[in-house]
Each structure stands twice: as structure tokens, then as C-alpha cells.
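Fit chain B to the supplied structure of chain A, relying on the hints for placement.
From first to last, the protein sequence lines are chains A and B.
Just so we're aligned: the first sequence equals residues 1 to 308 in my numbering.
Just so we're aligned: the second sequence equals residues 309 to 616 in my numbering.
Keep in mind the hints are simulated off the structure, nothing from the lab.
Treat the hints with caution; some may be incorrect.
Partial list, computed: chain A residues near chain B (C-beta under 8 Å) [what the hints assert, rightly or not]: (1) VAL45; (2) MET218; (3) GLY224; (4) GLN279; (5) PRO281.
In this text, a Cβ means the ideal position worked out from N, Cα and C, and glycines have one as well.
There are 2 protein chains.
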Amino acid sequence: MPVPPHSAGQSPGPRPLAVEPRRRPIGVFDSGVGGLTVLHELLVVLPGEDFIYLGDTARFPYGERDPAELERFAVELAEELLRRRAKLLVVACNAATAAALPALRRRMQETTLGVDVVGVVRPEALRAVAATRTGRIGVLATPTTVASGAYDEAVLAIDAHVTVNSIPCPGLAAIIQDGREFDDDTVALVREVCAPLREAEVDVVILGCTHYPLIGKMLQRMLGPDVTLVSSGAALARQVEHALSTRGLRNPSSQEGEYSFVCTGDAEAFSAVGTRFLQMPLGPVECVTVEQLGFGDDESAPRLRARS
Amino acid sequence: MPVPPHSAGQSPGPRPLAVEPRRRPIGVFDSGVGGLTVLHELLVVLPGEDFIYLGDTARFPYGERDPAELERFAVELAEELLRRRAKLLVVACNAATAAALPALRRRMQETTLGVDVVGVVRPEALRAVAATRTGRIGVLATPTTVASGAYDEAVLAIDAHVTVNSIPCPGLAAIIQDGREFDDDTVALVREVCAPLREAEVDVVILGCTHYPLIGKMLQRMLGPDVTLVSSGAALARQVEHALSTRGLRNPSSQEGEYSFVCTGDAEAFSAVGTRFLQMPLGPVECVTVEQLGFGDDESAPRLRARS
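Chain A with its partners taken away, still in its complex shape (with noise of 0.2 Å):
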């Protein structure tokens, strides 16, 4: 795909992103907000990175959805974040990474400059089994993404010898978006959906979706102190650093970044509900059609940037 270049008439956004590709913002793409709590860490761990977070709100959830949709979509938002210069994408949702992540990363080596994706689930299995004494691993996920066996199988593929329990969550996700995850009813769910990682006496427990860190605190509490907890965002940022400095890609400014936000739905909700994600300053947020995604024009789209 190529990129547009620096249009000289526009008026100049805060830091000329087209210059230089270490100075390029790095993309990250959820089906709605529950990417911010991997995008919160990505911003504690890279405080010096510019990033771009588009979230699907129009198209959410994806987690009933076809494969072959999932996929479409993962490409449109995937291009819509190289057509902002990202300079490389990391995919922040357990259903998008399950169903696109190989499709999307072949897409991206043969059409662009060799861009790199990174997802969720197989950074969180990787530290789950280096966490891991008992050889016992817990997994709290939605009930998709356990019938999925993306966890079973990423932790298998690094430790056959290691014993995986999933557990499905029906509703979780949906009762924490909501903001109701302090009520009894969450707590009878999450009592509930820890008393069998409990019994199988797990010490290692990955949260599988990237809602659950907004409840990780009452997780602790039930699962017990010396059960770690591996979420996305944590695992995922120390790969992003990584992929960054192999390709001598890190921002070398010295200053914080600057990070915004689109979204294809409604972007006053998204900012009703995201800052309770991000637990950051959210600023404003930029919406952009489903129609309109991949083809948008540089002049039409407004940088609207949050200074952190």
C-alpha cells in the first residue's frame, strides 16, 4: 500500500510523522475497548512511542463472528493504521488475532514494506509457562476463545508437559464493559468461574481477554496471593519492544509520546467507556465510518491528538 506522502499545504500536526520511520506512530487495532487495557501498557512500557489505537466499536463483538469476516475486517483496520504511517500493528483482540493473525501477517509481508504484527495470546502462553512451578495453567476467557483452543494450543506448542485449564466466561466481558463489574452479580460470576482453577490448584492464571485486567484485583483475591496473573497487555508490550529494536525501530525522542484514538462507531461512547479502560487521560476521538475505512484522504481526516 502506498503511503500518501506529508502533504506541505496542511497545516503541520505536532510532529512531522512521515519523516522518519523510527518516528512513526505504532498502530494498534481491537474490536472495541477492551484493547486500551493492552494499550495502557503499551504506553507505561514505551512512554517515548507515538501510537494510533482504532477500535471497531461499529462492527462489536466479534466474538460470534465468521473467521473468513474476521479476517476482512483484521485487513481493513490493518491498512486503515498504515495508511496513518504505523510502523507496526499490533493486534490488541483475542478474537481478531485467533481468527487473522497468519493471514494478516502474510498480507502485510507482501504488500507493504515488510511491516510487523504483533497479537495477543502467544505472548501471555510464553509467559504463562516461564511463570509456571507446578506445571498447572489457568485460563479465564470468553467462552469463543476457549472453544477456540488458541491458549490450549500457543501453550502446548511451548510446553507439552504442562497441564492447561480453560474456563469459559459467559457474560463477563459484557458486564465489565457495562461498568458493572463491582456489583454481586460479577462477583457470584467470578467466584464462580475461579473455584474450579482453584480446585485444580493452578499457580499460574492467564486472563484471556483483555476485559478481564479491570477486575484483576478481585481475580487475586479469589484465586489466592500466590496464583500470577499473565495479562495480555504486559506480556504483549515486552514483545512490541522487542520486534521494535530488532528493526532499529524505537522512537529515539526523549520525550513522551503522543497517543489518539479513532473509532468506527460512536466516539462520545468510546470516550464515556474508554478512559475507564485506558486508566490514562483519553482526549479526543476521531470517528471514522466502516465505509470509509482504508480509503480515507489525508486532508479529510483530522489528526486529533490526546498529549498524554
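Here is chain B on its own, set in the frame of chain A:
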């Protein structure tokens, strides 16, 4: 102080508290809701213990008060918690710890059956000294705490060869308490207080106010990923665990413990702000007026308990 016998005529609580010292609750007190970030860590590290949290919201804030007055308040709050059969007291308040801990400890040893009192400041100082590699430690705290020199003193008592940079953060606790932690003013203020610590190249920063963990991730981003943050809760929780173990007072129950809340001011306001600080379900809050403090009567003080 005599502990009143468990009344047989009373409707039974969820667990007979008076029967066995190990099954008694841990009492935690603070000037308001800030100490809930400490309770939050205690709930995670000690999930089998029961807790009573007492927030002196009617007399909040403690920051500007006379040390002699704070000593009197601390003794009143401690006696209220002992009346509720606390087996250990936690002072989850920097101002009260600095002003009243020695006197409180003395009094508890003289007048009760040797109930231990654990306060903030020293646990963070210990952890910070253990974590630093460069010997340069930063402290972010309220102006009053910085002026008291409590953290400098505690750190230098452990290791005289360490440099301590204490930065007062005027108004930051109030901003966080008001729920404005992610607005532009906060970001500007946080950036300002982090600047001298970055310049001093500290590698450990003590969050010397119980409100600050709520902006922990923002602080981590602004201070850089290589700086270790030490908060009161995590550091203190370990010390409480040791104190209980040494005395043989760990709760032998394998069940998740219960926790309940009492405040001297508006219970509804406490509830509204409290959930954000506790990051767990809060449940009902009981009100005890300042006049009633330490003079309540078992029958008239219903136990409002939140199942966690």
C-alpha cells in the same frame, strides 16, 4: 480496654468473632477513603482474613492538624476498632502515622492485651531501600508529609548512604479524591512533580500518600519504565502478614474473609467514592459519629458486613 463478651441474645453474625483470637478481624483506620488503597492490597495478600475499615471522614483531612490532636483522634479510632474486637491495628494514613504511631503503640501495649499496631511509612522505606540500585530514591507526598520529613528519616535510618528527593504535590490528593484524576490539570501537575525526580535520576519512587496509587500508571509512564514504584499498601500488607504469623494470629479459615466499613461522616458519600479507591465491591457502610467513637455499645451497633 476490656473486650465485651459475645452476647448470646444477639442475632448471630456470620461468624462468631469473639470466640478465638485468630478469627478476629484486622482493624484498619484512616482519615477518609485514601486508606482503602491499603485495604485493597491487604484483601489481595490476606484473602482469608476479616477486616473492619474505619474512615474518620467527618474530620478529614488530617494534613493540617496539630500532632497532639491527631494523637487523640488516632487513640479514639483505635479504641473503636478494639471494641469491635480487632486483633491487629493498621494505621493506613500518613499524617496519623507520622504524628501518632509511637504514642498509639505505647498505649496499646499498656492498656490492651498487646495488640500490634502497624503503620505506613516504614514499610515503604524498607522496600524502597531494598529496591534501589543507584541509591537515589524519590518520594511523592502531600506538602505536610514532606515537611514532616518522615520518609527521609525512615529511609536514612535504614541506609544513611541513600539520597532522598521528596517532592510535595499540593492539591493532588484532593484532585484524585474528587475523581478528576485524568483531566488536564492533573496531567500538568503530575508532569510537574515528576520532572525533578526524572532529573535526579531516581530509580525508586515512594508514593507517600494513599491516594496516589490511583494514578500509578500515569506516574509510571511519566517517570519511565525502569523506575520502581513503591506504594503503602503493597509494602504494608507484607508486614501485617509477618506480624500475624509471629503472634500466631493468622486466620485458620480456608474461606474468603469478610470486610466491613464504618465512617464518621456521610456513609453515602463514602460509598460513592470508596468503590473507586477499593477497586472491589464495597457493600453497605455503617456510620458512627465522632461523639459515639469509642463509646458505642455492642447491641446498638449493628454489624453491616459486605460479603466480598
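These are the hints, each one checked on the structure:
1. VAL45: With Cβ-Cβ at 5 Å, under 8 Å, it holds.
2. MET218: This interface hint holds because 5 Å falls under the 8 Å limit.
3. GLY224: OK, holds: GLY224 (chain A) within 8 Å of chain B, min 6 Å.
4. GLN279: With a minimum Cβ separation of about 5 Å from chain B (threshold 8 Å), the hint on GLN279 (chain A) holds.
5. PRO281: With a closest approach of 4 Å, the PRO281 (chain A) hint holds.
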